[in-house]
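This is what each chain is made of:
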Amino acid sequence: AQKVTQAQTEISVVEKEDVTLDCVYETRDTTYYLFWYKQPPSGELVFLIRRNSFDEQNEISGRYSWNFQKSTSSFNFTITASQVVDSAVYFCALSEANGNKLVFGAGTILRVKS
Amino acid sequence: KAGVTQTPRYLIKTRGQQVTLSCSPISGHRSVSWYQQTPGQGLQFLFEYFSETQRNKGNFPGRFSGRQFSNSRSEMNVSTLELGDSALYLCASSLGTSSSTDTQYFGPGTRLTVL
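Chains V and P, in that order, are what the protein sequence lines are.
Take 58 as the starting number for the first sequence in my numbering and just add one per residue.
Take 34 as the starting number for the second sequence in my numbering and just add one per residue.
Isolated chain V (complex conformation):
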């Protein structure tokens, strides 16, 4: 069975600090996909990134970066120089190949204080 664990329930940082959100996954599939979504107070899940199991290259998009390590089954997300607008709940999710069923972690609440 697939499982996603986000051990950090809540993180509080001061603006401009860097913050890393952890995500550990479990799957028996060799082909799978990993995602990160952001959920601001409005409730809508905003897509951030998708990564397939064969692409272990780290990715950077502006202040956001992702570290995918198959050896430790982790897909961590780092926000550099955090801003108040980054305050939200962040979800890591896993999907098997040939399917659109997402298995979500419990989410991490990020609070960025000015």
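Hints in this document: simulated from the structure, not taken from any laboratory.
A virtual CB, placed ideally from N, CA and C, is assigned to each residue, including glycine.
Just so you know, not all the hints are guaranteed correct.
[What the hints assert, rightly or not] Heads up, simulated BS3-like pairs for lysine-lysine below, C-alpha to C-alpha not over 30 Å straight-line:
| hint | chain 1 | residue 1 | chain 2 | residue 2 |
| --- | --- | --- | --- | --- |
| 1 | P | Lys46 | V | Lys95 |
| 2 | V | Lys95 | P | Lys90 |
| 3 | V | Lys127 | P | Lys90 |
| 4 | V | Lys73 | V | Lys95 |
| 5 | P | Lys90 | V | Lys60 |
[Claimed, not checked] Just some of the chain V residues that point at chain P, by a computed CB distance under 8 Å:
| hint | residue |
| --- | --- |
| 6 | Tyr90 |
| 7 | Ala145 |
| 8 | Phe148 |
| 9 | Leu159 |
| 10 | Phe161 |
| 11 | Ala163 |
| 12 | Arg168 |
Position chain P against the provided structure of chain V, taking the given hints into account.
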């Protein structure tokens, strides 16, 4: 391009009633998935529809059902509502290729309260 739209945004029902929620996917997207979000259980997959057929189903009782129309719009229905059905119901659309995992884009959700 317009995003995923869901109607209504808020709904209040009483136990025993039934409810229908609607979702219009992004233009050109053929797959629609539904998720339930509650404080206790988090985000859970309900079902996915592709080309008017249910392609995948989560672990929910038969009171939860859905359908998809030829224009890819989808509805989900919950019959005999229980207090525990109070949740945010999120719809997600994706391109819907036949044999891969697509990126899902979510709508704003319908907040259902069961009294």
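Legend entry - Enumerated hints in conflict with the structure, sorted upward: 7, 12
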